[in-house]
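Asker: Once you have looked at the hints, place chain R with the ligands on chain E.
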Amino acid sequence: MKLKEIMEVLKAEELWDFPTDFKVYSAGAADLMSDVLMLAKENSLLLTGLTNTQVVRTAEMIDISAIVFVRGKRPESEVIELAEKLDIPLLLTELPMYEACGILYKHGIKGSSQVEILQK
Amino acid sequence: MKSYKSDKKYLYADRKDKNHKGKFLMSMRFDISGGNLDSAGEASSTIKSKLKQLGIGYSIIRRVAIASYETEMNIVLHANRGTLSVYVAEDHIKIIAVDEGPGIPNVELAMQEGYSTATEQIREMGFGAGMGLPNMKKCSDQFEIHSDIGKGTKVMIVIFF
Ligand SMILES: Nc1ncnc2c1ncn2[C@@H]1O[C@H](COP(=O)(O)OP(=O)(O)OP(=O)(O)O)[C@@H](O)[C@H]1O
Ligand SMILES: [Mg+2]
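Protein chains in written order, with my numbering: chain E, 3 to 122; chain R, 384 to 544.
It is worth saying that the hints were derived from the structure and are not from the lab.
Hints are supplied without guarantee of correctness; some may be wrong.
Label-pair ranges, simulated between beta-carbon atoms [stated by the list, open to error]:
1. R/441 x E/112: 19 to 29 Å
2. R/416 x E/74: 29 to 39 Å
3. E/20 x R/420: 17 to 27 Å
4. R/414 x E/11: 44 to 54 Å
5. E/105 x R/532: 45 to 55 Å
6. E/80 x R/503: 20 to 30 Å
7. E/78 x R/473: 42 to 52 Å
8. R/488 x E/6: 45 to 55 Å
9. R/441 x E/6: 24 to 34 Å
10. R/533 x E/25: 46 to 56 Å
11. E/110 x R/500: 39 to 49 Å
12. R/473 x E/105: 46 to 56 Å
13. E/108 x R/531: 48 to 58 Å
14. R/495 x E/74: 33 to 43 Å
Bear in mind that the values here come from a model prediction, so they are computed numbers and not experimental data.
Each residue gets a CB set at the ideal place from its N, CA and C atoms; glycine is no exception.
Chain E extracted, bound-state conformation:
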């Protein structure tokens, strides 16, 4: 599924102007960053309810392909600026975590542990 399709199904807003025509194979959801670092594969989508700069830093460390902020929690502008600098797409959806994950799963996005590591 492409990021632009994910944006559609999650009715998500783009938080800065990034390309959306690339494929996303897997996703993971967490609010604790060490869990993300322990579990997530590179090039996967991260859904989170946390909106601070550390989310972007964590995503940078493991090459997360895009971050989805759930439940309409909008990050501060410096968080968005850092993501833009690091070229990490940011999406914002009004959906709560469980629903956002459920919709993506229904559309065939696998969990991070169900896919092989994909190199860019």
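Answerer: Same frame as chain E, now just chain R with the ligands:
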């Protein structure tokens, strides 16, 4: 292969680095201040991009990035101040983190997955899963940690190419 809690070994490794400075392809050192969450992660970010420039392989960079970020965050969250050093040699990368802080009373316990003394405030910021130290160890080929209560903590991580 993976050992920890050996103080002497750690000190030796550190001294060896100083004597062999010329042999390193690159070395970097960063001052990390405790409690400063806004800039937390900047050192690891710089380390990651420098390693990329050196043309180091993707999976090695990933392991170094995770290990350095977890050590950096532990200094920021649990210590007063510290330094994070990275040495790139012919066949390995070494990360050494030294901090001044409260130290860890029970290192064995701290190494267990899920063990954390993080406050609710730290959890709200997305840390305190108790996965940092176990993940550092998982990412490394050699791992050593030594802590002096009331003084500080030293972590040494080696990742072979
Ligand atoms: N540099 C340090 N100085 C003092 N205490 C530390 C240090 N590093 C770790 N600790 C102690 O060891 C515990 C476990 O550390 P670990 O990194 O595994 O988990 P955490 O930092 O609590 O949470 P996480 O890393 O998952 O966000 C910490 O909660 C803290 O009590
Ligand atoms: Mg930690």
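Asker: Which numbered conditions among the earlier hints are violated in the structure presented, ordered from lowest to highest?
Answerer: Of the numbered hints given earlier, the structure breaks none, since each of them holds.
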